[in-house]
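Colleague: Sequence:
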Amino acid sequence: MGRILSIDYGKKRTGLAVTDPLKIIAGGLATVSTFELFDYLKSYVSRESVELIVVGDPKQTDGTPSENKARIVEFVNRWKRNFPQIPVVFYDERFTSVIAHRAMIDGGMKKKDRRDKGIVDEISAVIILEDYMRSKQLMP
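Counting from 634, one number per residue, gives the positions in the sequence shown under my numbering.
If you're looking for bench data, these hints aren't it; they were derived computationally from the structure.
If you're wondering where the values come from, they're calculated on a predicted model, not measured in any experiment.
Glycine residues also receive a C-beta, built at the ideal position from the N, C-alpha and C atoms.
Heads up, some of the hints might be wrong.
[Said to hold, decoys possible] The calculated label-pair distances, taken between Cβ atoms and stated as ranges, are:
{"id": "1", "residue 1": "D695", "residue 2": "I658", "range": "31 to 37 angstroms"}
{"id": "2", "residue 1": "V722", "residue 2": "K644", "range": "18 to 24 angstroms"}
{"id": "3", "residue 1": "D653", "residue 2": "T694", "range": "21 to 27 angstroms"}
{"id": "4", "residue 1": "E700", "residue 2": "E669", "range": "35 to 41 angstroms"}
{"id": "5", "residue 1": "G635", "residue 2": "R711", "range": "34 to 40 angstroms"}
{"id": "6", "residue 1": "N701", "residue 2": "D653", "range": "25 to 31 angstroms"}
{"id": "7", "residue 1": "Y673", "residue 2": "N701", "range": "14 to 20 angstroms"}
{"id": "8", "residue 1": "M634", "residue 2": "R767", "range": "32 to 38 angstroms"}
Whole structure, please, built from the sequences with the hints as guidance.
Modeller: Shown next, in the form of structure tokens:
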């Protein structure tokens, strides 16, 4: 069984989350420089079985694509050319950063730590993955 990996793709940094092999739990994997993302994922999939990648689909509140969408599509197309055996799906990521900040506050994280945008990106990737899993009834 393979894992599901999610990507919260950003212009500078990208948050990653992954399930366990049984697809029961979603957890943060890392925050990496977007410049290094392709190589990081290439290395990761060489070590771990990944059966699906879920990419956050950035939309404005009115549903139109955000300015980051073109960069994400470019990355996804490159990935599909190099790893056609691993399917990629887009999943709505609206409000994940707001939800991530709320989770950090509710979890008692100090204000100084909440300013670390890398943590926000990784938590956002977890939220994308959990929402996707719930939508597919893979998670309660």
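Colleague: Provide an ascending list of the numbers of those earlier hints which the structure does not satisfy.
Modeller: As far as the earlier hints go, 3, 4, 5 and 8 are violated by this structure, in ascending order.
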